[in-house]
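K.L.:
In the order they appear, the protein sequences are chains A and B.
First residue of the first sequence: 0, per numbering that gives the first Met the number 0; consecutive thereafter.
First residue of the second sequence: 0, per numbering that gives the first Met the number 0; consecutive thereafter.
Among the clues, some could well be false.
Derived Cβ-Cβ restraints for the label pairs, each shown as a range [as the list claims (entries may be wrong)]: (1) B:R72 / A:A11: 29 to 39 Å; (2) A:L29 / B:P43: 41 to 51 Å; (3) B:M0 / A:F104: 50 to 60 Å; (4) B:A69 / A:H37: 44 to 54 Å.
Sample of chain A residues with no beta-carbon within 10 Å of chain B, all distances over it, derived [said to hold, decoys possible]: (5) H19; (6) V43; (7) Y74; (8) Y109.
Simulated from the structure, these hints should not be mistaken for laboratory data.
None of the values given here were measured: they were computed from a predicted structure.
The C-beta atom is built at its ideal place from N, Cα and C for all residues, glycine as well.
Spelled out from the first residue to the last, the chains are:
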Amino acid sequence: MTHAVLTHAAVAVDPLLELHAHPECGGLALFVGTVRDHHEGRSVRHLAYTAHEPLAEKVIRDVEQATRDRYGVPYVRIVHRLGDLSIGDIAIVCVVRAPHRAEAFDACRYAVDAVKHGAPIWKEEFYTDGTSAFVEGCCIRDDLDDQLAPHAHHHPPHASHG
Amino acid sequence: MTSIVFELFANLERLAGRHECTVEVDDTVTTVGDAVTRLAVAHPALAASLERCACVSGDTIVRRADALPADGRIALLPPVAGG
Numbered sequence: 000m001t002h003a004v005l006t007h008a009a010v011a012v013d014p015l016l017e018l019h020a021h022p023e024c025g026g027l028a029l030f031v032g033t034v035r036d037h038h039e040g041r042s043v044r045h046l047a048y049t050a051h052e053p054l055a056e057k058v059i060r061d062v063e064q065a066t067r068d069r070y071g072v073p074y075v076r077i078v079h080r081l082g083d084l085s086i087g088d089i090a091i092v093c094v095v096r097a098p099h100r101a102e103a104f105d106a107c108r109y110a111v112d113a114v115k116h117g118a119p120i121w122k123e124e125f126y127t128d129g130t131s132a133f134v135e136g137c138c139i140r141d142d143l144d145d146q147l148a149p150h151a152h153h154h155p156p157h158a159s160h161g
Numbered sequence: 000m001t002s003i004v005f006e007l008f009a010n011l012e013r014l015a016g017r018h019e020c021t022v023e024v025d026d027t028v029t030t031v032g033d034a035v036t037r038l039a040v041a042h043p044a045l046a047a048s049l050e051r052c053a054c055v056s057g058d059t060i061v062r063r064a065d066a067l068p069a070d071g072r073i074a075l076l077p078p079v080a081g082g
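Chain A on its own, in the form it takes in the complex:
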């Protein structure tokens, strides 16, 4: 459990695949999220990811374990990039090895969604017009229900975008 789940350097996909391990597995699902050049109609030049690293590491490791347990798959590996990224750079990689394809696909989608909704990582987009903005995200407070907040579980519609 000492592998890095956050990195400030470019992410290499190959070392994460473990293709020659797990002989009981006949499936490998891979998701690679890359930086795209537009967001909600605006032209994006580059972006920066920042994190609360101690909690983000813990959340991502917890997601890896929860995914293994939930889908009964032996290998789940997630790496999220931090720092300044250009268009096309890899932002997140998720690899799942599984006996069969169905649980590989399902587990991979579950793990990526869980990281996007739960890990304290922020995306600041820098647009071609010279402005910048943090992308609106998911609230990770777990005690909002205790308050009289009328919009306690607001999830923006674009939260599931890759």
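Dock chain B against the given chain A, drawing on the hints supplied.
P.N.:
Chain B only, in chain A's frame:
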């Protein structure tokens, strides 16, 4: 008086123009929520963004009703958008 150090992230850090904000509190402030309320008073520019922030001590999310962390440090995490 005790010093509470808030660590700010993302748009909160931009709004404050710095990574940390220190608030001096008296002994009527006993919970995380009390301290967040004092921060909102001391830094009105942050007030509207605080409700949707999670509070973290070390690597653990703490609730507004929890006692102040012993080290007096609270990280404020706005809504997240990784991936």
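K.L.:
Does each hint hold? Answer for all of them.
P.N.:
Going through the hints against the structure:
1. Take R72 (chain B) and A11 (chain A): their Cβ atoms lie about 35 Å apart, and the range 29 to 39 Å holds.
2. Checked against the hint of 41 to 51 Å, the C-beta distance between L29 (chain A) and P43 (chain B) comes to roughly 47 Å, which is consistent with it.
3. Checked against the hint of 50 to 60 Å, the C-beta distance between M0 (chain B) and F104 (chain A) comes to roughly 56 Å, which is consistent with it.
4. Checked against the given bound of 44 to 54 Å, the beta carbons of A69 (chain B) and H37 (chain A), roughly 46 Å apart, stay inside it.
5. The claim that H19 (chain A) is not at the interface with chain B holds, since no C-beta of that chain comes within 10 Å of its own (minimum 28 Å).
6. Every Cβ of chain B is farther than 10 Å from the Cβ of V43 (chain A); the closest lies at roughly 14 Å, confirming the non-interface assignment.
7. Non-interface call for Y74 (chain A) relative to chain B: holds, since the shortest CB-CB distance, roughly 20 Å, exceeds 10 Å.
8. In this structure Y109 (chain A) is separated from chain B by more than 10 Å, as the shortest Cβ-Cβ distance comes to about 13 Å.
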